[in-house]
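Turn these sequences into a full structure, and let the hints guide you.
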Amino acid sequence: MDFDPPTPVERVVTRNRWILGLVVLLLILAALYYLIFVNQYVVAYRDDEDHFKYGSIGSEPANGLPILVFKALPVMFPDGSELTGYRRFGLLYESEQADLPIGVSRRVVDGIERVWLNCAICHVGTYRINLSDQPAYIYGAPSNNLRLYSLLKFFLEVADAPNFNADNLIEAIDSPQVGGKLNFVDRSIYRYLVFPRVQQALVQRSQQLSFIHRQEDWGPGRVDTFNPYKAIQFNFPMDEHHITATELNGSADFPAIWQQRPRQGMHLHWDGNNTSVDERNLSAALGAGVTPVTVDMAAIKRVRAWIWDRPAPAFPVASAIDQNKVERGRQLYAEYCAGCHGMKDVSGHYDYDTNHFPRLGQVEDLDRIGTDPDRWASYTQNFSAAQNTLYAGYPWRFTHFRKTAGYANQPLDGIWARSPYLHNGSVPTLRDLLEPAAACGTVARAGSPARPQKWYRGSDIFDPDKVGYQSDGYGYDLKDLFLYDTCILGNSNRGHEGKIYGTELPSADKDAIVEYMKTL
Amino acid sequence: MRGAVDGTFLHEDNAALIFAPLQFRHLEVKNRLFRSNLSGMFDEYNGYGGHTRLNWEEKFARGGVGCIISSYTPVAVRGRILIRYAMVDADDKIPFWREVGKRVHEYGCRFIMQLSHSGRQQDMGGVENLFKKAQSSTNQTDFFHGILAQAMTVAEIHEVIEQFAQGARRARVAGLDGVELHGANGYLITQFLSSGINDRTDDYGGPVENRARFVLEIVRAIRREVGADFHLQMKINGVDHNNWLYPWKKKGNTLEDTLTICKMLLDDGKGVDSFHISSGSTFPHPRNPPGDISPNALTRWYGGMLASGVRTRFNYAIFKSPIGGPLFRWLWRSRRGKVIEGINAAYSKYLRDEIVKIDPSIKFLCTGGFQHAADIAGVIRNGCCDGVSIGRPLIANNDLPQILRTANGPIRQKECTYCNKCLVNDLANPLGCYEVSRYDGDTFEEKWEALIKSVMSVYQPPLFR
Numbered sequence: 001m002d003f004d005p006p007t008p009v010e011r012v013v014t015r016n017r018w019i020l021g022l023v024v025l026l027l028i029l030a031a032l033y034y035l036i037f038v039n040q041y042v043v044a045y046r047d048d049e050d051h052f053k054y055g056s057i058g059s060e061p062a063n064g065l066p067i068l069v070f071k072a073l074p075v076m077f078p079d080g081s082e083l084t085g086y087r088r089f090g091l092l093y094e095s096e097q098a099d100l101p102i103g104v105s106r107r108v109v110d111g112i113e114r115v116w117l118n119c120a121i122c123h124v125g126t127y128r129i130n131l132s133d134q135p136a137y138i139y140g141a142p143s144n145n146l147r148l149y150s151l152l153k154f155f156l157e158v159a160d161a162p163n164f165n166a167d168n169l170i171e172a173i174d175s176p177q178v179g180g181k182l183n184f185v186d187r188s189i190y191r192y193l194v195f196p197r198v199q200q201a202l203v204q205r206s207q208q209l210s211f212i213h214r215q216e217d218w219g220p221g222r223v224d225t226f227n228p229y230k231a232i233q234f235n236f237p238m239d240e241h242h243i244t245a246t247e248l249n250g251s252a253d254f255p256a257i258w259q260q261r262p263r264q265g266m267h268l269h270w271d272g273n274n275t276s277v278d279e280r281n282l283s284a285a286l287g288a289g290v291t292p293v294t295v296d297m298a299a300i301k302r303v304r305a306w307i308w309d310r311p312a313p314a315f316p317v318a319s320a321i322d323q324n325k326v327e328r329g330r331q332l333y334a335e336y337c338a339g340c341h342g343m344k345d346v347s348g349h350y351d352y353d354t355n356h357f358p359r360l361g362q363v364e365d366l367d368r369i370g371t372d373p374d375r376w377a378s379y380t381q382n383f384s385a386a387q388n389t390l391y392a393g394y395p396w397r398f399t400h401f402r403k404t405a406g407y408a409n410q411p412l413d414g415i416w417a418r419s420p421y422l423h424n425g426s427v428p429t430l431r432d433l434l435e436p437a438a439a440c441g442t443v444a445r446a447g448s449p450a451r452p453q454k455w456y457r458g459s460d461i462f463d464p465d466k467v468g469y470q471s472d473g474y475g476y477d478l479k480d481l482f483l484y485d486t487c488i489l490g491n492s493n494r495g496h497e498g499k500i501y502g503t504e505l506p507s508a509d510k511d512a513i514v515e516y517m518k519t520l
Numbered sequence: 521m522r523g524a525v526d527g528t529f530l531h532e533d534n535a536a537l538i539f540a541p542l543q544f545r546h547l548e549v550k551n552r553l554f555r556s557n558l559s560g561m562f563d564e565y566n567g568y569g570g571h572t573r574l575n576w577e578e579k580f581a582r583g584g585v586g587c588i589i590s591s592y593t594p595v596a597v598r599g600r601i602l603i604r605y606a607m608v609d610a611d612d613k614i615p616f617w618r619e620v621g622k623r624v625h626e627y628g629c630r631f632i633m634q635l636s637h638s639g640r641q642q643d644m645g646g647v648e649n650l651f652k653k654a655q656s657s658t659n660q661t662d663f664f665h666g667i668l669a670q671a672m673t674v675a676e677i678h679e680v681i682e683q684f685a686q687g688a689r690r691a692r693v694a695g696l697d698g699v700e701l702h703g704a705n706g707y708l709i710t711q712f713l714s715s716g717i718n719d720r721t722d723d724y725g726g727p728v729e730n731r732a733r734f735v736l737e738i739v740r741a742i743r744r745e746v747g748a749d750f751h752l753q754m755k756i757n758g759v760d761h762n763n764w765l766y767p768w769k770k771k772g773n774t775l776e777d778t779l780t781i782c783k784m785l786l787d788d789g790k791g792v793d794s795f796h797i798s799s800g801s802t803f804p805h806p807r808n809p810p811g812d813i814s815p816n817a818l819t820r821w822y823g824g825m826l827a828s829g830v831r832t833r834f835n836y837a838i839f840k841s842p843i844g845g846p847l848f849r850w851l852w853r854s855r856r857g858k859v860i861e862g863i864n865a866a867y868s869k870y871l872r873d874e875i876v877k878i879d880p881s882i883k884f885l886c887t888g889g890f891q892h893a894a895d896i897a898g899v900i901r902n903g904c905c906d907g908v909s910i911g912r913p914l915i916a917n918n919d920l921p922q923i924l925r926t927a928n929g930p931i932r933q934k935e936c937t938y939c940n941k942c943l944v945n946d947l948a949n950p951l952g953c954y955e956v957s958r959y960d961g962d963t964f965e966e967k968w969e970a971l972i973k974s975v976m977s978v979y980q981p982p983l984f985r
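Here the protein sequences come in this chain order: A and Z. First residue of the first sequence: 1, per the numbering used here; consecutive thereafter. First residue of the second sequence: 521, per the numbering used here; consecutive thereafter.
These are calculated hints, taken from the structure and not from any lab test.
From chain A, some residues computed to sit far from chain Z (all C-beta separations above 10 Å):
{"id": "1", "residue": "Tyr34"}
{"id": "2", "residue": "Glu113"}
{"id": "3", "residue": "Phe234"}
{"id": "4", "residue": "Ala377"}
{"id": "5", "residue": "Asn382"}
{"id": "6", "residue": "Tyr391"}
{"id": "7", "residue": "Trp396"}
{"id": "8", "residue": "Tyr476"}
{"id": "9", "residue": "Ile500"}
Cβ pair distances, simulated, as ranges:
{"id": "10", "chain 1": "Z", "residue 1": "Val859", "chain 2": "A", "residue 2": "Trp18", "range": "42 to 48 Å"}
{"id": "11", "chain 1": "Z", "residue 1": "Tyr979", "chain 2": "A", "residue 2": "Glu10", "range": "34 to 40 Å"}
{"id": "12", "chain 1": "Z", "residue 1": "Glu776", "chain 2": "A", "residue 2": "Glu10", "range": "39 to 45 Å"}
From the derived model, a few chain Z residues whose C-beta atoms are all more than 12 Å from chain A:
{"id": "13", "residue": "Leu537"}
{"id": "14", "residue": "Tyr565"}
{"id": "15", "residue": "Ile603"}
{"id": "16", "residue": "Gly747"}
{"id": "17", "residue": "Lys769"}
{"id": "18", "residue": "Asn816"}
{"id": "19", "residue": "Trp821"}
{"id": "20", "residue": "Ser841"}
{"id": "21", "residue": "Pro846"}
{"id": "22", "residue": "Val978"}
Here a beta-carbon is modelled for each residue, glycine too, at the ideal position from N, C-alpha and C.
Spelled out as structure tokens, the structure:
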């Protein structure tokens, strides 16, 4: 018998306290759940340019790696070079001490800070005029240094590497290069939670993208936009029975992304498969790793606003423009080029008006333009149909994707910073582009210049005369560059040639056109 | 200072009306001033009356009221609201009440016993009730203090009816002049009457006729015990205003509901002799006793109730909070309305007009802050009631009737301020007027000393001299 039982009031008060305690506990747990597992945290940048460089667009939740793992992987799998971090893949660190490269953003997901890619990974170029110069950054220009193929392959190979295990990962995280300083709890978390999930994700992605081992190396400054897209977003079968070698090797140069307002309504992407800048942006974001569910629309809209009217960069060596030739070049450009590409008006502003330039932003049929068809072939009817199901249920659902008949004409604003040229970056300089392509395996005859057949990509040393990055290996150990062979699949430098393209003009006229194009 | 003249009527006219005898069916009262039921924890813990209670009641008889309505008098220990209240739950209480009647009658003053049962409004049930839930019409917890309740079975209802009947019998045996059923202010009878509280689905709940069944059976049981010629009156809310604290609560009985109940209690002339009109389905309630509330006093004295209910700790936190206290005070004042003196007069008039059409012998009393001759005479003259009951102004001025003979009311400094500090202090201290500003003295200390002297005067003369 209980000789000191609670009174009815005490019973209810005690019960109420339990209920209240339980409710408070549940609220705390719910709040913690929300704060840790639902809410995500990003670094907010005051400056739009910083946001472009490091702001998260939502690629981390589905594809990101924990920051310590991201930093540990190059330590675990060195390539023997002196380049630390991801420098070996051409990623740009703004300083020696920089924690992360440009184009890699942070987001805290499920309580762990993850990192992955944003727009800037593919759209920041660098140039040097002299060998001893520090690289100058061109925000919005094609990432001429980025070896995306090697980077992707690195992650896929990590997944299958026999020494990729929790012990080695933790050791690398604790190494001085990463400085993780994991305590006992952290180590347990990394050993039993983080590592298995990372490994599983990498293995899955490795299986999904196994076809890239059958691809030619994209090389620096290039990307196969649509084949990984087919596999990741739609699980398209990518084996030999389902995809031709032509379709499989459709790599192309990264594009420049300035002055997007006047491009609205033009045919965008190299093959002009979409006329909506917003859809093109969102589609490109998928390429960086966002998904329709994880996309951070506000962050992407901020980048959109930044590139909307961003001016094209001015030619960096004004003294290298031969003003005596510019006027002649302008006349020739107007005659041969402007109808498709537009040009500057008398006030010095680039004129994007399609009433003035009827072919600007329009698609040229493949048989007319004659450039390498593989990029065009990699974008299929089936794929465009599948793309138009993306973001279903959202106001920004894709509706504009179409298979076209060729490649689109683009405005040439800031064209000096968009080397190499043609969609697949097969021609190193503007001056080379005004020469005809030689048949593969033939040698150009003396006095009959032709576009180079094998040349080196990956240099950021700018040639202000021919306009384009050096392609002869100047200033580099050749093994650090990429030998671009125009005779392999997807790499052809033919097309955009013949009388109407100016390749039959006298050499002096070609020089004059190039001088004028420096001013665009 | 109020003038001696109230518009058309001279004070002498007002006084003549106030001091005219009031003839009930079976009881004559010498004037129209009734002391309302004021309790005070003056008695033995187990409900035996105490010497101090005699002093307390005698104060008012000496002061000149025509009739005293007793303190809240429980008919059973289960129905007490506070400890140390004299009860009438057994015959051994009769001698005490006989002595009370004797002391009061010496002044020509009548004494009506208020038969009461707290139901779930049991502020401090005492150790006898510590392990029991309060009896009520409902299982719903009291919404103010969170006092736990359990719905009475029909057998329990019949038992309590009989307790009321026996209480009335004891009052008559003790030589008292009548009994009043406390059917107002949230106690057990209200808990059955009020549509805001009674959620029963049996014969004692539902439509107003069913809700009134409990009190009607009490009236009939009392008549069975005391006969037809013993004064029996019913204290009842004009309107419940049950949603004063939480606006989402049901409003409770309307004036029409109350009229229906009053008609039923006439019971074809065999029922009650008069009605005593109040309002508010809880006690306290912003309308009863109408006035102010002191968060300071609540913070000091509410603590004794902490063990009584499941919301008392919450209330206490509100009262002592620098934000909650003033907010509660604001709510308290705003839910009352502007009128204090005569706050229930309109309800009383409506009911009286209708009831006297049926039975002109039925009289009405009205409570609510009365302390001025003009107001008292006014409500009688206007047909609101036949007499008024007075509580706090009589605590402030025990001799208020004598003042009203010659003046419209006390001088301003001596008026009851309706501060309700007496109400809150009653939870812990002797019942008396705790409004310092009313007392004489040049400093706070002098005034406080005078206050203490006044409050403690109830113990004079002591039992042993």
